[in-house]
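A.B. asks: As a plain string of letters, each chain reads:
4 protein chains.
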Amino acid sequence: MSHNSFGHLFRVTTWGESHGPALGCVVDGCPAGIPITAEDIQHWLDLRKPGTSKLVTQRKEPDAVKILSGVFEDDRTNGQVTTGTPISLMIENTDQRSKDYGDIRDKYRPGHADFAYDAKYGVRDYRGGGRSSARETAARVAAGGIARKVLGDSITIRGALVQIGDKKLDRNKWDWAQTTQNPLWCPDADTAAEWAEYLDGIRKSGSSVGAVIEVVASGVPAGWGAPIYSKLDSDLAMAMMTINAVKGVEIGAGFDAAALTGEENADQMRIGDNGPEFLSNNNGGVLGGISTGQDVVVRMALKPTSSILTTRQSIDKQGNEVDIRTTGRHDPCVAIRGVPVAEAMMACVLADHKLRHRGQMGERS
Amino acid sequence: MSHNSFGHLFRVTTWGESHGPALGCVVDGCPAGIPITAEDIQHWLDLRKPGTSKLVTQRKEPDAVKILSGVFEDDRTNGQVTTGTPISLMIENTDQRSKDYGDIRDKYRPGHADFAYDAKYGVRDYRGGGRSSARETAARVAAGGIARKVLGDSITIRGALVQIGDKKLDRNKWDWAQTTQNPLWCPDADTAAEWAEYLDGIRKSGSSVGAVIEVVASGVPAGWGAPIYSKLDSDLAMAMMTINAVKGVEIGAGFDAAALTGEENADQMRIGDNGPEFLSNNNGGVLGGISTGQDVVVRMALKPTSSILTTRQSIDKQGNEVDIRTTGRHDPCVAIRGVPVAEAMMACVLADHKLRHRGQMGERS
Amino acid sequence: MSHNSFGHLFRVTTWGESHGPALGCVVDGCPAGIPITAEDIQHWLDLRKPGTSKLVTQRKEPDAVKILSGVFEDDRTNGQVTTGTPISLMIENTDQRSKDYGDIRDKYRPGHADFAYDAKYGVRDYRGGGRSSARETAARVAAGGIARKVLGDSITIRGALVQIGDKKLDRNKWDWAQTTQNPLWCPDADTAAEWAEYLDGIRKSGSSVGAVIEVVASGVPAGWGAPIYSKLDSDLAMAMMTINAVKGVEIGAGFDAAALTGEENADQMRIGDNGPEFLSNNNGGVLGGISTGQDVVVRMALKPTSSILTTRQSIDKQGNEVDIRTTGRHDPCVAIRGVPVAEAMMACVLADHKLRHRGQMGERS
Amino acid sequence: MSHNSFGHLFRVTTWGESHGPALGCVVDGCPAGIPITAEDIQHWLDLRKPGTSKLVTQRKEPDAVKILSGVFEDDRTNGQVTTGTPISLMIENTDQRSKDYGDIRDKYRPGHADFAYDAKYGVRDYRGGGRSSARETAARVAAGGIARKVLGDSITIRGALVQIGDKKLDRNKWDWAQTTQNPLWCPDADTAAEWAEYLDGIRKSGSSVGAVIEVVASGVPAGWGAPIYSKLDSDLAMAMMTINAVKGVEIGAGFDAAALTGEENADQMRIGDNGPEFLSNNNGGVLGGISTGQDVVVRMALKPTSSILTTRQSIDKQGNEVDIRTTGRHDPCVAIRGVPVAEAMMACVLADHKLRHRGQMGERS
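So the protein sequences, as listed, match chains U, B, L and S. Oh and the first sequence: position 283 is 283 in UniProt numbering, straight run, nothing missing. Oh and the second sequence: position 66 is 66 in UniProt numbering, straight run, nothing missing. Oh and the third sequence: position 170 is 170 in UniProt numbering, straight run, nothing missing. Oh and the fourth sequence: position 60 is 60 in UniProt numbering, straight run, nothing missing.
No wet-lab data here; the hints were simulated from the structure. Among the hints, a few may not be true.
Identical copies go unnamed one by one, so any copy, or any two together, can satisfy a pair.
[Said to hold, decoys possible] Below, in silico cross-link-like pairs of lysine-lysine (DSBU-like), each with a Cα-Cα straight-line distance of 35 angstroms or less:
1) 317 with 167
2) 66 with 317
3) 149 with 204
4) 317 with 149
All figures in this text were calculated on a predicted structure; none of them were measured in a lab.
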């Protein structure tokens with residue numbers, strides 16, 4: 001619960017600013033004996049990497065991860081495995097261009113954390129948003145790569161964009177295979193094409209737009225989660241709300257549940273071929289804060305990135321009223337690169353609860 | 001971060017089951033020297049109390065709180081003040097009627113936590129939902145009474161119902177004074193009357209309906225919140241999502257922010273008579289996880305209570321398919337009594353961040 | 001890590017003052033399905049109870065424990081088992097005699113926490129030391145009763161007094177069976193008789209004396225402990241140092257290890273009939289913060305209780321110099337009743353590490 | 001409370017193995033606006049550095065620290081200050097000589113953590129002890145450099161060796177100025193010369209010896225510490241017991257307090273020129289877990305390093321009995337380089353409690 005850590009038994013501490021020499025994280029509590037290499041982690045970082053299409057920021061960062069501790073040769077397989085000691089991951093910053101940001105040194109960009117950080121700390125690394133930059137999420141994606149190894153192959157975590165601006169996906173067209181075939185993580189090829197055109201217009205106009213991400217974890221066994229105050233869904237809500245630009249989180253039917261009756265909402269049960277089955281999943285795989293064995297379904301709304309070309313009214317550190325226009329590189333829809341981040345947070349929360357459940361499960365669990 | 005505790009410097013641990021002898025909480029970390037009496041806490045409990053109108057459960061509980069530790073006579077004022085030691089609060093259960101629940105001993109009620117608790121623990125206090133009952137929230141409301149004292153008079157926390165079923169409040173009619181004048185916490189008298197009639201129909205039909213609660217904290221100074229993983233908004237999301245039946249949480253513009261452009265969303269700033277001013281509050285009083293001085297605005301969606309008179313399909317502990325119909329006392333809209341709970345959680349999170357900020361604020365804050 | 005809690009997965013929060021209406025604790029994280037009754041816990045409380053011999057305080061407290069939550073009927077055995085939810089334990093204070101303490105309301109008793117509490121909190125429950133009273137340790141002993149159930153029958157935890165004043169036990173005479181046969185927890189009958197006579201003299205003179213307690217846990221498997229900062233020995237050191245009057249803690253050879261050479265100190269190993277064996281136990285069952293399978297051996301020094309009949313120099317809250325003489329009931333050697341407390345702390349720390357190890361153990365543990 | 005972190009508001013997480021590419025730490029919770037440079041931290045690392053005299057290990061490491069995050073230019077002073085974000089420190093390993101350790105890959109060195117790590121994790125970085133190496137303490141010393149800045153100039157933390165083998169310092173000869181004038185941290189020049197000769201003999205014989213360190217913090221105001229379970233002394237006991245080779249910790253009179261009477265032990269008070277004064281300091285600056293304003297005095301015993309040239313009996317990973325003789329570089333008395341580590345731990349614990357007290361202090365503190 002310290003500022004820059006999350007998780008309990010699988011605990012991640014991140015560090016680093018947008019334009020410092022490096023950023024990274026320490027993953028503490030990963031069990032020993034799990035095969036892992038830098039390449040395993042790099043795979044996920046590459047999915048979040050900037051500069052991969054014109055629809056995301058043009059900052060060029062290789063985002064190459066180094067493992068500085070916590071792994072060693074395995075005398076059984078000659079591969080590299082975790083040793084149970086803290087895993088330190090580092091990503092060096094290489095394309096920092098601090099000069100881009102000099103003119104906003106004292107000005108508070110609307111919608112950004114500049115004013116709030118100054119109110120709290122009195123001093124602030126203004127280059128690229130410093131610590132409040134979405135660049136910090138690279139460290140989460142790296143940690144998520146380890147978390148997936150802890151979860152193993154029986155659990156699948158996948159994310160998608162389900163709304164961009166006011167354009168919502170037709171869920172009947174959902175095809176998971178498409179999400180990795182287009183730069184928008186859209187589960188439908190036609191919709192992806194429409195969204196790409198729409199977003200390119202937004203980009204050209206120097207504006208930005210919000211979006212909704214959905215992340216689904218399949219294969220989570222029933223019984224994970226620690227009520228009352230470390231419920232699986234409350235931990236997920238916390239985790240997702242820490243992602244830059246996220247303004248809302250919902251589980252299962254989410255806000256739509258408010259308009260349902262008890263008859264419509266409560267998921268009925270039957271005995272299927274493989275044991276208990278639910279006839280619907282309004283609860284999003286969580287009841288009473290504990291997983292039910294159904295898919296765990298989380299959605300989150302991200303606001304439009306606040307770095308836009310249009311001139312806006314603001315103030316500066318000295319208390320003057322100023323006009324401001326952000327000319328640095330930016331994402332027209334920050335949610336796109338948020339998908340792998342949301343997946344990583346899901347993976348970390350689940351890995352933590354896997355270990356917690358193993359530690360605290362009862363004699364009959 | 002243990003199961004049944006939340007908060008960091010202002011830390012609340014709750015205990016107790018719906019039909020056990022008592023329930024309560026320990027509030028640890030409350031500063032010394034704060035005047036408080038059992039009556040101060042009882043005031044808030046009375047607002048959450050069951051049996052106050054036909055629109056809430058008819059369980060009759062006085063919910064009388066006792067302070068068992070952590071307070072002492074003040075040699076300056078002869079009043080009673082906190083001593084800095086843990087404050088133990090206890091509420092005895094008096095109207096338990098366990099017989100109501102005997103027939104659901106082995107059956108899993110759809111939408112309830114019964115199945116999930118059994119999957120996790122293998123044994124379960126089935127009476128009234130045991131630990132998963134909303135009755136646990138009485139302890140939170142009591143803790144919230146202490147939290148409000150820590151926050152002091154300069155911070156006001158108020159909650160309201162803004163949607164019930166598919167009926168949304170017209171926000172132009174918002175009058176805070178009305179929320180305590182009707183049993184529905186509705187900020188408009190006419191709307192309250194309509195909703196009451198609607199909900200009474202729901203109640204008579206043995207059904208239930210969901211709702212949306214909004215909680216607003218005014219007077220929070222800029223600078224509270226601990227990024228990246230104890231952001232003010234991520235802590236609020238966690239806190240609200242732990243409340244029974246909550247399926248979604250949003251801050252400020254929330255899910256609507258997804259459909260906004262950067263120009264529409266980012267709150268511009270000017271210098272007003274009392275310093276920095278925002279021209280809008282889409283961000284809900286939080287930027288970068290830190291309070292901005294604006295109202296902190298949180299909304300949450302609650303699903304309809306799952307205890308309904310309609311027969312539903314389910315299974316039992318032995319793996320048989322069964323039909324089930326809940327005949328015990330229940331709330332047709334659990335969100336109504338959720339309003340003081342949501343207020344209490346807001347108070348506890350803010351009290352924690354007040355103390356944390358005081359501890360960690362920089363030399364120039 | 002909050003003020004009044006310890007442990008991580010098996011987490012204990014205590015509350016209550018010496019002369020308040022009650023004291024107790026909440027045990028959070030106990031696995032479900034463990035049979036436990038109030039009688040099981042009462043057994044350990046009775047061993048710590050005041051008034052059992054003239055060598056301990058004459059305060060008469062039944063110290064009857066009530067279980068308020070976290071247990072329920074077991075549908076398999078009809079007995080009572082834990083449910084995985086927080087276990088709330090309460091002990092009512094019945095022999096409080098507040099009038100005994102009125103004259104020390106403003107005076108700071110030398111060696112007591114009075115001055116320090118006032119410096120920290122500015123207000124203080126002066127009756128019997130309030131929160132700083134050793135009476136708080138009753139809650140620990142109750143929690144320890146649950147911890148022993150978590151550990152199971154294969155682990156034995158026993159404590160003894162090995163020094164009282166400057167009189168040290170001849171370790172060659174050690175007989176565990178004797179420790180429960182005399183009021184001094186002495187492992188030798190003859191020594192116990194000598195000590196009793198010595199201590200009775202101390203008591204009659206209105207003085208007090210310090211002592212050394214040793215606690216040994218047998219049957220702890222190799223592999224428990226979480227280096228670097230939750231080592232088994234560092235957690236034990238923390239736990240024991242929180243016991244009232246403890247001024248030093250050592251593991252294995254402890255302070256004597258400073259005078260040893262590497263040849264003398266390092267415990268050699270051989271393969272015995274049951275696997276790895278150590279030829280000595282200077283390390284006290286812990287290497288690198290992890291249990292080795294040998295007995296875990298902890299000793300702690302307790303200072304003499306500071307409540308004595310001799311007049312001493314002190315000051316009062318108003319800054320006046322005063323003379324003070326403590327006439328309330330007290331223990332001539334507080335370490336005697338400290339033995340079951342030290343055992344309980346050992347049990348709680350081990351229970352926590354048992355669960356933690358289960359949660360985080362590697363693929364090959 | 002996770003494995004590799006300590007502290008609450010001032011929280012340190014360390015990572016790294018003896019022979020990995022680097023080691024380091026993340027310091028989270030340091031207030032903003034505190035001037036600090038790498039040189040400030042390097043100063044303390046140089047005091048712990050190996051290879052500085054023949055009495056310590058001949059491993060040659062520059063131990064050059066890099067600050068990777070958490071600091072920025074100060075627009076007021078043009079110096080570098082903390083920003084309130086996590087401070088990541090890294091020290092690269094440069095003199096690793098892994099070949100020295102190949103022959104102990106499968107053998108368990110007596111007195112070392114080899115066996116215990118294998119029992120816990122099943123896989124282990126055997127090079128130089130891996131994570132269990134005292135090399136990890138470099139990260140603590142770096143963190144301590146930051147902690148000292150948080151404490152400010154009014155608090156002085158100094159350490160000394162007060163016993164080596166069975167040779168104890170005559171405390172009447174104590175001169176703090178001497179501790180930095182000889183390689184043994186001895187507070188007396190003549191004693192230092194005797195000890196150096198004695199230790200050189202130990203070194204030449206390939207043996208090792210234990211020692212006792214004393215650390216004293218002056219200038220700590222009354223009121224720090226968080227009873228019952230984060231007492232200043234219990235946090236110090238935990239912190240010191242995590243240092244490699246420490247087997248005992250005591251506060252003030254420590255174990256000697258066991259032989260004192262209440263009259264002898266309890267420190268009397270008078271009013272001096274500057275307010276309350278104690279006539280002695282048997283309690284070591286802590287009463288009831290709270291600082292009193294006197295010097296905080298902690299002593300700890302360190303066992304002799306277990307790496308010695310004499311052949312010893314042990315076993316290997318495969319369960320064979322083996323003979324073992326450690327030929328790598330080592331410290332004949334590991335306690336020498338332990339002094340700056342113990343100082344650093346004192347600094348970190350005090351910095352944490354300074355912030356905690358500021359956060360939770362009462363209205364009248």
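A.B. asks: If a hint holds in the structure, say so; if it doesn't, say that too.
C.D. replies: Now the hints, each set against the structure:
no., hint, in the structure
1, 317 with 167, "neither (38 angstroms within a copy, 44 angstroms between copies)"
2, 66 with 317, "between (38 angstroms within a copy, 30 angstroms between copies)"
3, 149 with 204, "neither (40 angstroms within a copy, 49 angstroms between copies)"
4, 317 with 149, "between (45 angstroms within a copy, 27 angstroms between copies)"
Violated hints for the displayed structure, listed by number in ascending order: 1 and 3.
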